[in-house]
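**Student:** Residue numbers (the numbering used here), protein chains in the order written: chain A, 1 to 115; chain B, 116 to 230; chain C, 231 to 345; chain D, 346 to 460.
Hints were generated in silico from the structure; no laboratory data involved.
Watch out, some of these pointers could steer you wrong.
What the hints assert, rightly or not - If you want the footprint, here are the derived chain A segments under chain C, 3+ residues with CB under 8 Å: (1) 27 to 40; (2) 47 to 54.
As the list claims (entries may be wrong) - A few chain A positions that, by computed beta-carbon distances, are all more than 10 Å from chain C: (3) D73; (4) R80; (5) E85.
Don't be surprised by glycine CBs; every beta carbon is placed ideally from N, CA and C.
Listed here are the chains, written in short residue letters.
Number of protein chains: 4
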Amino acid sequence: MDPTTPQEACFEAGIKFGTLYHQFAGTPVSPTSSASLETAIEEAIENQPFCASVTVDILDDALAAELDGQSADYTELTGRFMDVEMDIDYEGCRVRASMAMDGDYPRMRVDSVES
Amino acid sequence: MDPTTPQEACFEAGIKFGTLYHQFAGTPVSPTSSASLETAIEEAIENQPFCASVTVDILDDALAAELDGQSADYTELTGRFMDVEMDIDYEGCRVRASMAMDGDYPRMRVDSVES
Amino acid sequence: MDPTTPQEACFEAGIKFGTLYHQFAGTPVSPTSSASLETAIEEAIENQPFCASVTVDILDDALAAELDGQSADYTELTGRFMDVEMDIDYEGCRVRASMAMDGDYPRMRVDSVES
Amino acid sequence: MDPTTPQEACFEAGIKFGTLYHQFAGTPVSPTSSASLETAIEEAIENQPFCASVTVDILDDALAAELDGQSADYTELTGRFMDVEMDIDYEGCRVRASMAMDGDYPRMRVDSVES
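Please construct the entire structure, taking both the sequences and the accompanying hints into account.
**Tutor:** Now the structure itself:
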């Protein structure tokens, strides 16, 4: 069957999460550069169609703990180091989605769908 | 409202498309390396949860036309140079999605949803 | 033969340029998000060893011209849309390097080496 | 001072290493997909100017050990999971360079320079 509008809205939300993660995973990051990276990720993804807002929280405590146990004073951005929330507005349908650690896996999920 | 299973399945499809595009966009590519890149992209994305199959077709004619008009003998992978089809199988729901050029924009879309 | 210190310094400069380009190429960008992306790229790359400073100039005029001729109101970052300058300081050796368009190719080059 | 040919050759080697790492870091990878990814990385980077050969060895034992301790059956490619060797041939100067783990850090280094 053809997709419904809410299904297409959820597809759009997924695109933005995959984009966000795989565009920026691997970026050299430290507590001194995390604030500018948060802003740049938010504004980059908000360029994409139907993306009403993105909030990225790079977890400076998790970063600091990582740096404490290694030789270099920066690391690579990955799911363990950020929480993300996003609102998609697609043809009158509003999708909230988020990413956070679920045990050892960075879980992306749809939190709510309102048509 | 909480998402339905088909909505979550569409979200998963979107994640894979965003991943595929933004992990591999920018890869140096030419007609001699496009076959290995197709296979690697397919197998990389098929690692992700709920991804039943991925087919990537790098458009060698479009690549050749691009190289014909420029000084370097390779270019960077972008949406103009590939078609993608994908099957997602999420908790009994099957989603078909694809990416192809729509005018000048690489359009990702849900083609069908079967629960 | 083993590399000299200035040769290693140039290798380090090259690493930073390859990192910068291929980490951020493909990022969705528009004139409204280019300033935050410039800052984030600079601060990300300055995390890497021996990188004294990075200056990224995203070319808003080139971006605007690109958007003027297409359907979407953002594009993907690529070499045509940025100039980069970098200083590497490696064991007493200073390397200046830069990236700018050379015809249709984003040329990365070593501008000077001072030991 | 202007760079010498061997210094420029080392810069070119560095570009290829930064490209390789940051284009492909984050790619979903498992022991079943590592062979196609090795080939695609090698052929992608060999497209770049002055790159005579690239050999990528994705470390299946290290991958298997990582998967053994986590919930998902794939992980993201990063420096811990690959060794790389590269030959650059730039205006008669041959540079050998490699990447391997040095303690907890993926160290890229120039192994030899022959003019």
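**Student:** Return the numbers of the hints above that this structure violates; sort them in rising order.
**Tutor:** 3
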